[in-house]
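All chains should be built: construct the whole structure from the sequences, respecting the hints.
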Amino acid sequence: SPTDDIDLRLNGIYSRDRFKNDYENTIKIAKTNGRSFFDEIFKADEKWSNAGLSFQSLFRLKENNHIQFSLAHSYSDTDINTNVGIERTRVNGTKNNFSYTQDVENRVENTSGKIEWKVKETVLGAEISATDNYFLFDENTNKKLTRDQYYKEFSFFVSHNIVSTDRLFMSLGARTTYNNQIDNTTFNPSIFINYNFNKSFSIKSSAAKLNQNLRQVSFENRLGQFKNMYVLADQSIVPQGSSLMYMLGMSYKNNNWSLDVESYLKNQTGTIGFYPDDIGINVIDVTPNGSGEYTLYSGETKIIGTDLSLTYDNGPYFSMLSYTISKSQDEFQELFKASSFPSQYDRRHQLKWINGYRLGSFQFSSGVYYASGRPYTSFEQFTEAISKRDVSVNDAFRYLDPYIRIDVSAQYNFNFGSKNAFLKASIYNLANRLNVRYIQQTFSASAMDIAQNNSLVLGSESTLIGRLLNVSAGFSF
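Residue 270 in this note's numbering sits at position 259 of the sequence shown, with consecutive numbering throughout.
It should be emphasised that the hints constitute simulated quantities derived from the structure, not laboratory data. We put the beta carbon where it would ideally sit given N, CA and C, even for glycine. Incorrect hints may appear among the rest.
[What the hints assert, rightly or not] Simulated DEER-style distance windows between Cβ atoms: (1) 471 x 84: 35 to 43 Å; (2) 54 x 153: 13 to 21 Å; (3) 184 x 83: 15 to 23 Å; (4) 210 x 78: 30 to 38 Å; (5) 471 x 338: 25 to 33 Å; (6) 320 x 184: 20 to 28 Å; (7) 306 x 212: 47 to 55 Å; (8) 184 x 210: 33 to 41 Å; (9) 194 x 28: 21 to 29 Å; (10) 317 x 204: 17 to 25 Å; (11) 327 x 349: 32 to 40 Å; (12) 54 x 306: 24 to 32 Å.
[Claimed, not checked] Calculated pairs, DSSO-like style, for lysine-lysine (alpha carbon to alpha carbon, straight line, at most 30 Å): (13) 31 x 54; (14) 277 x 313; (15) 39 x 54; (16) 210 x 264; (17) 215 x 129; (18) 54 x 215; (19) 54 x 106.
This is how it looks when you write it as structure tokens:
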């Protein structure tokens with residue numbers, strides 16, 4: 012900061028991640044007259060990169076009066092490549108070869124500028140942004156969906172604290188945005204209210220309407236794996252998203268304890284899903300419904316839940332226990348007999364327990380995390396690929412095992428000259444639990460192969476990272 016009345020900040024971030032899952036597998040199926048063999052070669056390579064740079068400047072004009080400028084640029088890129096090769100050897104020695112390839116590319120690049128003026132209880136502002144988006148889905152060298160888009164958005168926003176007392180706080184806000192790609196202007200109001208009965212107990216509530224032009228697509232490949240991708244709304248193929256959100260909650264504080272509870276409801280229209288038309292595996296072709304097409308669906312999402320957080324803080328020791336119970340359902344009229352089904356964010360129960368303790372220059376911390384298993388599309392109920400229009404939700408979906416993880420860390424703080432410095436060691440996933448990322452349903456053994464009246468779906472589990480030791484050091488200016 013050059014002076015007490017001016018703040019300047021420059022922030023940057025860059026990250027790259029890669030997930031590889033390669034294996035070879037041989038399945039032997041015994042029959043009375045010999046054995047059938049399935050030799051599978053599976054290769055999956057997923058790469059993500061993210062970069063961002065932002066600059067903020069704040070100029071204090073007088074008390075409760077300032078102007079803030081910001082510029083930001085962000086870039087994210089996802090590249091997924093999957094190859095499955097299967098050789099089937101029948102009892103009579105006949106060999107058949109099958110293969111499946113999938114390439115997914117998704118890129119989002121955004122540049123924005125914003126100005127904001129705060130005068131006492133009122134904030135006025137304007138923002139302009141430009142977004143470039145590319146999405147490609149290629150399967151067996153056939154392009155199933157390609158989108159290359161660019162749009163600009165111009166926004167004006169205002170918020171005003173109409174009541175701000177020790178007892179009652181009420182704020183109203185509104186934002187209007189014009190999008191040149193769809194030649195559309197949206198108006199999004201919001202309200203927040205907080206009432207303090209005393210210094211210990213308060214209640215709160217909010218409501219807001221939001222529109223989304225950068226759309227998140229729930230994408231399912233033929234192996235039953237779900238990914239989240241991003242495309243831009245155009246109102247012809249991809250609709251603009253609209254959400255209504257409501258919250259009601261309370262807070263309670265007593266000495267070192269605090270309790271916060273929030274119940275929420277979100278109704279969203281224009282939900283996007285990109286799914287195969289069929290579910291299951293074509294027994295003749297062995298691989299998952301390889302001849303079927305994909306469809307881009309538009310529907311609705313409803314999310315309802317409650318967040319509960321209990322905190323204890325006495326200075327050197329801090330502990331927070333949080334729990335969420337929620338239900339997230341999607342509904343598309345063309346799928347699953349027009350019934351609602353669990354979305355990819357449907358984790359009914361989530362529990363987190365964080366602890367921290369300071370002892371002189373040392374800091375110790377631990378974290379315990381639990382989440383109900385995510386839903387996935389199961390092929391095991393189907394002896395042949397079948398249209399998703401005719402399948403019931405109970406037959407189509409199963410849940411993965413729960414996600415459980417324990418982390419611990421220790422940090423030592425010291426002075427390095429005139430600078431504050433630290434050394435830190437942490438262990439991620441202390442118990443080395445192999446949490447399942449997704450289940451791959453890659454091929455089937457037909458009735459001819461297993462000498463039964465039905466087929467057998469085969470595949471494997473892809474797990475998340477196991478125990479990981481991390482050592483870091485740093486200092487601040």
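Checked hints:
Taken as a hint, the range 35 to 43 Å holds for the pair residue 471 and residue 84, whose Cβ atoms sit roughly 40 Å apart. Between residue 54 and residue 153, the C-beta spacing of about 19 Å keeps the proposed range 13 to 21 Å intact. Taking the beta carbon of each, residue 184 and residue 83 are about 21 Å apart, inside 15 to 23 Å as hinted. The supplied range of 30 to 38 Å is met by residue 210 and residue 78, whose beta-carbon atoms lie about 35 Å from each other.
Restraint check, residue 471 to residue 338: a C-beta distance of roughly 30 Å satisfies the suggested window 25 to 33 Å. Residue 320 and residue 184 have their C-beta atoms about 25 Å apart, which keeps the hinted 20 to 28 Å range intact. In this structure, residue 306 and residue 212 meet the distance hint of 47 to 55 Å, their C-beta atoms being roughly 51 Å apart. Between residue 184 and residue 210 the Cβ separation comes to about 27 Å, which falls outside the hinted range of 33 to 41 Å.
For the pair residue 194 and residue 28, the beta carbons lie near 37 Å from each other, so the given range of 21 to 29 Å is not met. At roughly 19 Å, the beta-carbon separation of residue 317 and residue 204 lies within the given 17 to 25 Å, and the hint holds. Against the hinted window of 32 to 40 Å, the Cβ-Cβ separation of residue 327 and residue 349 comes to about 57 Å, which falls outside the hint. A hinted range of 24 to 32 Å holds for the C-beta pair residue 54 and residue 306, which are about 27 Å apart.
Using a Cα cut-off of 30 Å, the hinted pair residue 31 and residue 54 holds, with the two alpha carbons roughly 8 Å apart. Between residue 277 and residue 313 the alpha-carbon distance is near 6 Å, which keeps this suggested pair within the 30 Å criterion. Under the criterion of a C-alpha separation no larger than 30 Å, the hint pairing residue 39 with residue 54 is consistent with the structure, at around 21 Å. Of the supplied pair hints, the one linking residue 210 and residue 264 holds, its CA atoms being roughly 8 Å apart against a limit of 30 Å.
About 24 Å separates the Cα atoms of residue 215 and residue 129, which keeps this hinted pair within 30 Å; it holds. Between residue 54 and residue 215 the CA atoms are separated by roughly 51 Å; this puts the pair beyond 30 Å, and the hint is violated. Pair hint residue 54 plus residue 106 holds up; C-alpha atoms about 22 Å apart against a cutoff of 30 Å.
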